[in-house]
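Two chains, two separate frames, one set of hints: put the complex together.
Chain by chain, the residues:
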Amino acid sequence: MTSTVKIMRTVFTDTVTSALDLDPRLAVVTADISAAAFAEARARHPDRVINVGIREQAMIGVAGGLALAGMRPVVHSYTPFLVERPFEQIKLDLGHQDVGAVLVSIGGSYDDPAVGRTHQGPGDVALLDTLPGWTIHVPGHPDEAEPLLRDALAGTGRVYVRLSARENSSAYPVGGFVPVRQGRLGVVVAVGPTLDAVLEATSTLDVTVLYAGTVRPFDHAALRDAVAAASPNVVLVEPYLAGTSAHEVAAALDVPHRLRSVGVRRDLEVHAYGTAGEHDAVHGLDAAGIADVVRRTIS
Amino acid sequence: MTRTTQDLAGLFARMTGDEKHEWAAASTLDVLWVLYDRVLNISPANVDDPDRDRFLLSKGHGPMAYYAVLAAKGFFPPETLDGWTTFGSPLGQHPDRLLLPGVEIGSGSLGHGLGLGVGTALGLRAQGRTARTVVLVGDGELDEGSNHEAIALAGRLGLDRLTAVAVDNGSSSHGWPGGIARRFETEGWAAETVDGRDHDALYRAFTTSHPGRPSVVVAEIDKEH
Chain A
0 MTSTVKIMRT VFTDTVTSAL DLDPRLAVVT ADISAAAFAE ARARHPDRVI
50 NVGIREQAMI GVAGGLALAG MRPVVHSYTP FLVERPFEQI KLDLGHQDVG
100 AVLVSIGGSY DDPAVGRTHQ GPGDVALLDT LPGWTIHVPG HPDEAEPLLR
150 DALAGTGRVY VRLSARENSS AYPVGGFVPV RQGRLGVVVA VGPTLDAVLE
200 ATSTLDVTVL YAGTVRPFDH AALRDAVAAA SPNVVLVEPY LAGTSAHEVA
250 AALDVPHRLR SVGVRRDLEV HAYGTAGEHD AVHGLDAAGI ADVVRRTIS
Chain B
0 MTRTTQDLAG LFARMTGDEK HEWAAASTLD VLWVLYDRVL NISPANVDDP
50 DRDRFLLSKG HGPMAYYAVL AAKGFFPPET LDGWTTFGSP LGQHPDRLLL
100 PGVEIGSGSL GHGLGLGVGT ALGLRAQGRT ARTVVLVGDG ELDEGSNHEA
150 IALAGRLGLD RLTAVAVDNG SSSHGWPGGI ARRFETEGWA AETVDGRDHD
200 ALYRAFTTSH PGRPSVVVAE IDKEH
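Chains A and B, in that order, give the protein sequences.
Counted from 1, the first sequence has number 103 at position 104 by numbering that gives the first Met the number 0; the numbering is strictly sequential.
Counted from 1, the second sequence has number 25 at position 26 by numbering that gives the first Met the number 0; the numbering is strictly sequential.
Don't take every hint at face value.
If we take Cβ atoms under 8 Å as the criterion, some of the chain A residues that face chain B in the derived model are [claimed, not checked]:
id	residue
1	20
2	22
3	26
4	60
5	61
6	67
7	69
8	83
9	96
10	129
11	132
Derived DSBU-like pairs: lysine-lysine, alpha-carbon spacing no greater than 35 Å straight-line [to be verified]:
id	chain 1	residue 1	chain 2	residue 2
12	A	90	A	5
13	A	90	B	72
14	B	72	B	222
15	A	90	B	222
No lab work stands behind these hints: they were computed from the structure.
For every residue, glycine included, the Cβ atom is placed at its ideal position computed from N, Cα and C.
Chain B extracted, bound-state conformation (with noise of 0.2 Å):
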């Protein structure tokens, strides 16, 4: 863990109340802190520029670390953290985007970000901008046949400014077998699988080079750790 991580435990503890635990064992902390802190052009002084990086959680479940993140960048005050999942508060179980400035979608149902973010990389690339969108899915996640849909077009459409990052702790109730990667690799895409904590694994599979195909970055997570 760097320094800057530990630092999120927090901002996790003004929701769970626990310091110790589950900030640490949130499997999507460290994907998103690469992100928000080393990949994405992505600011709360730029959330409505055209030009912005686009993230969508697709897996909506889980949310705080994801709040967490975009607390530590500024995006909204520490304070709004306290009131989570109240009847006032931005922030619930699932992410809305009518309530917090920064995100990009409202989730929760499973199976959606894919199709959005296909969509986005394709307005974006009409209007001939060059912004990034990355989704984070789970490896349960694809269970849900629209990610299959969306995962063979954005192939097909050569979208290579669409990134997918499958957070895989293995959640999924029957399993990949031969790999999450390879369902990509199959309909077209660049697929790399690093260490779900690893920060400069993740940063170098981020910011690989994959002209003309999307690509995804396979993070495992030990549900040990």
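With the rest of the complex left out, here is chain A (with noise of 0.2 Å):
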């Protein structure tokens, strides 16, 4: 695939504002956090391009209006405040209502530790894993995050879309888990921005490397395929809480495996500024921390 310099937000800015021009359905709801890179949006459509302040609670609201109307919202906001902050309105506005609207996170799980906990929603995929009827993409490459937007606009469902400033060296194709390497002794399972760490933490190991751009619905074929190529050890690698996906893998293998989880830890909060790269560390979502479990898991 092409290289791009965008970032996936830009990315995100650019396709809905494209696609604003074309479907008259789709209106942008924000909550200050990115509304200015919709300003231009919002001089062609003042009526579908609507910031609503600090105010998250309507913002999902006001959503879920728009889509009892008739209309395909797209909401965008930094992960706490659009997942966490308004739960309860994605839970009722949204699903109970059963209307559809994209979510749009950016900041992903510690993209920036040095705004502090308060901006960071690792728990997010966690969360909506308790709703029935999310679609869940975590693009781990830029060129991965246009498709997989143009295909949420264009469709009627529920879907979050976490984009990250997290990026991996190169894009796969969007969809199922793509084989990225093939081994004998144990399959990993690497979502979205965790690729190319899984990547260096496995390049002398003999095991299967799966990469996984959406996770709800969670590929089982794909999973069980691999898994009857190799011996049966799972190592899943998430960029949000560890073993959010672990019921899922419970749930499409129908032999005796060992599975381990990477991911942001469960047991702490890590009250630390820093980079994303110490954070990783201290998760052990860094190569060294990675090729650690996978190394246990398939000894």
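Have a look at this one:
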């Protein structure tokens, strides 16, 4: 695939801005974050590009109302302000009303740790996983974000697109899990932007690496096939709460297997600033941490 | 009471078994009747028409008056009331829009209807539709901060096809010194406070023009009633 110099957030605003011109159903709802990036679109479509101010409950409620009126809302903010603060609105104003929306977050789990815990959202996927009917994309490259976004905008369902400043060096086809490397001693599932670290961690290990840019639905068939062709040792590497998809692995596999999960630790809150790489090391999400878990799992 | 709302007593009794008191005490009864009987363009014939008016019962608690009015207006057969809250019934302690045609939102958790109403009004406006959106909230419900996000937003966006009706039966624990209307007026809404049992006053308030601004009708209910 071709590479791009755009970051995922820019891909998002560009993709939605051009789609607004073509699809009269589309509406964008922001709560100040990224509102400036939609200024030009707002000038062209003042009724469909709505900035509610710093009001996240209204942001989701408005999206639910837009959908009830037949529109396709796109809602956007930083991870914790999109998913955690208005969580009951997501549950009731979208889910319970059975209407669709596209929720697009930026910030990942800790894209910029200098801003501290208040701006970190490692629980987002686990929270949405408590609600039925959500498709969840975790692109690992800006070139994956665009087709995933276009597909989400064109649909009618509830879709969460988790954008991040962390990205892999290469893009992969979107959809189901993609085999990136074949091996015999186990299967490592690398979700979204964890792939580069997983490839580095497993460069000398005889394991299969599956890349997952979409985690709901979870590609059970691809995982089953990969596990059938190797020893039934599975390592799940997710850039948000560790083990968020462990139940999906358990549901996918009908053979005895070993599962280890790598992700943001559940047993502590990291009261530290610094860089994303430093936080990766705390959570074992760096290549060294991943390699350690994979080695112990396949031995 | 008009003869017509008296007729709701029999429908109410199918749920509560009490013909004497409960139906008349329902704080929302007269507001709902005036809206469905005289104000809104909503009927069983147009529940899927994108140009129908929208009524959002935000205060989903105690929906018996709502169900009675919907049954009286033919949205479902009165016999349906007999099985309310049973497993297969479309009628529960809080309404579910997926179970009952004509119900615009599922509600019960307080403070969700106004945000949904603002979005509905924005969606209708973006499509060039002139249908009204009316959201019923309670004075106790207004405790929820989410309402105040929606109230400020609707005022700033000038949603003149949006009306809130705040049924005030004094149930808010800490009250609203200075009155409920003032909270809306400060945010740019047109406001009227009327006797929530007076059908003609309610009708006038619901049909008063309020160009460029959303409107709120505060319907006061005497708890002694």
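So, going through the hints one by one against the coordinates:
For residue 20 (chain A), the interface hint is violated, the least distance from its beta-carbon to any beta-carbon of chain B being 14 Å, above 8 Å. Among the interface hints, the one on residue 22 (chain A) is violated; its C-beta lies about 12 Å from the nearest C-beta in chain B, farther than the 8 Å criterion. Here the hint on residue 26 (chain A) is kept, as its CB sits about 6 Å from the closest CB of chain B, short of 8 Å. The criterion of a C-beta within 8 Å of any C-beta in chain B is met by residue 60 (chain A), whose closest approach is roughly 2 Å, and the hint holds.
The interface hint given for residue 61 (chain A) is met, as the beta carbon of that residue sits about 4 Å from the closest beta carbon of chain B, less than 8 Å. With a cut of 8 Å, the hint placing residue 67 (chain A) at the interface with chain B holds, because the nearest CB-to-CB distance is about 5 Å. The interface hint given for residue 69 (chain A) is met, as the beta carbon of that residue sits about 6 Å from the closest beta carbon of chain B, less than 8 Å. A cut of 8 Å between beta carbons decides the hint on residue 83 (chain A): the least distance to chain B is about 15 Å, and the hint is violated.
With a cut of 8 Å, the hint placing residue 96 (chain A) at the interface with chain B holds, because the nearest CB-to-CB distance is about 6 Å. Hint on residue 129 (chain A) is violated. Least Cβ distance to chain B is approximately 16 Å, over the 8 Å limit. Contact between residue 132 (chain A) and chain B, as hinted, is not supported at the beta carbon level, the nearest pair being about 12 Å apart and thus beyond 8 Å. Straight-line distance between C-alpha atoms of residue 90 (chain A) and residue 5 (chain A) comes to about 33 Å, which keeps the hinted pair within the 35 Å bound.
Our distance criterion of 35 Å between C-alpha atoms is met by residue 90 (chain A) and residue 72 (chain B), whose separation comes to about 31 Å. For the given pair, residue 72 (chain B) sits about 27 Å from residue 222 (chain B) by alpha-carbon distance, which is consistent with the 35 Å threshold. Restraint check: the Cα-Cα separation between residue 90 (chain A) and residue 222 (chain B) comes to about 34 Å, which is no more than 35 Å; the hinted pair holds.
Comparing the model with each earlier hint shows violations of hints 1, 2, 8, 10, 11; every other hint is respected.
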